[in-house]
Amino acid sequence: MPDVTCVDFLQWALPRLSLTWPGFRRVHRQVCKRIARRLKDLRLQDCSAYRAYLESHREEWELLDSLCRISISRWYRDRLVFDRLAAEVLPALAAGAKGRGERELRVWSAGCASGEEAYSISILWALAVAPRFPGLSLRLEATDVDATLLARAAAGRYRRGSLREVPPAWLEVAFTREGDGFAVRPEFRVRVAFREQDLRRAMPAGPFDLILCRNVAFTYFDLSLQRRTLERMLETLRPEGAFVIGLKERLPEGATGLAPWVPELGIYRKGAADR
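Residue numbering for the sequence shown is 4 to 278, as defined by our numbering.
Don't take every hint at face value.
Simulated restraints on C-beta separations [to be verified]: (1) A157 x A95: 24 to 34 Å; (2) E58 x P242: 44 to 54 Å; (3) W15 x A95: 19 to 29 Å; (4) A98 x R19: 22 to 32 Å; (5) T151 x R180: 50 to 60 Å; (6) K251 x E105: 47 to 57 Å; (7) E58 x L226: 21 to 31 Å; (8) A52 x R180: 47 to 57 Å; (9) E243 x E267: 19 to 29 Å; (10) E65 x P266: 34 to 44 Å; (11) E105 x R37: 36 to 46 Å; (12) E181 x K43: 30 to 40 Å.
In case anyone wonders, no lab produced these hints; they're calculated from the structure.
Ideal Cβ positions, reconstructed from N, Cα and C, are used throughout, including at glycine.
Using the sequences and the accompanying hints, generate a full structural model.
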């Protein structure tokens, strides 16, 4: 399938899925390969034929939506973000929770893919933060729309190459070697609960002290959907809770309810009066 034909098709189809072409520009070849396989399964000649097929088979849009899911996930992605979470953000949130008499800090990893982000938070909490806050536990909700990725996340096994950015000390403390890869030790997995959930349609019940929504909503969703999603997510975030987006992402123009915390790292904080 000629690449330009697929690009034209995506520029037509993505807005109808409330997705935005600019977010897919760098990763569109991955989607185009999936569409090419779908054309072969349907015995359709090209994207023009697929467009006509979509217009006469409305149920096909749901399958096309699944073909447009992008997962680029690795351990300790954007190390400076995790370093700041460990050094400043999580301790501040933990101190706030202790001050309120809470016994648990709640975190949501939205679009968790294979679980690397959620497990990273679990490990850095145990190694860098928890010793300073005895009596306070951490509970993580990790959600994604892709059941296959979630099964991989729940298994907690990863190839060595995906761990190249992990602090060396973590490999000794938080992982066990299994064949040609590594597995997260049970004590770091127990505080993470994985759930199949489409961020556009459902969210876990809050309140959360920290929400991480990196490289999902504010990259691939169109502006209207970004705003609706952000508004609903902020309803689950505690006053003075932290909200983290991707390094190359921006909050939708005109967004309210969040103040910069470490804006150069995509870290924001909900105002005390915003409920």
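Results for each hint:
{"no.": "1", "hint": "A157 x A95: 24 to 34 Å", "verdict": "30 Å, holds"}
{"no.": "2", "hint": "E58 x P242: 44 to 54 Å", "verdict": "47 Å, holds"}
{"no.": "3", "hint": "W15 x A95: 19 to 29 Å", "verdict": "46 Å, violated"}
{"no.": "4", "hint": "A98 x R19: 22 to 32 Å", "verdict": "46 Å, violated"}
{"no.": "5", "hint": "T151 x R180: 50 to 60 Å", "verdict": "24 Å, violated"}
{"no.": "6", "hint": "K251 x E105: 47 to 57 Å", "verdict": "33 Å, violated"}
{"no.": "7", "hint": "E58 x L226: 21 to 31 Å", "verdict": "25 Å, holds"}
{"no.": "8", "hint": "A52 x R180: 47 to 57 Å", "verdict": "50 Å, holds"}
{"no.": "9", "hint": "E243 x E267: 19 to 29 Å", "verdict": "20 Å, holds"}
{"no.": "10", "hint": "E65 x P266: 34 to 44 Å", "verdict": "37 Å, holds"}
{"no.": "11", "hint": "E105 x R37: 36 to 46 Å", "verdict": "44 Å, holds"}
{"no.": "12", "hint": "E181 x K43: 30 to 40 Å", "verdict": "36 Å, holds"}
The structure fails to meet hints 3, 4, 5, 6 from the earlier list, while all remaining hints are met.
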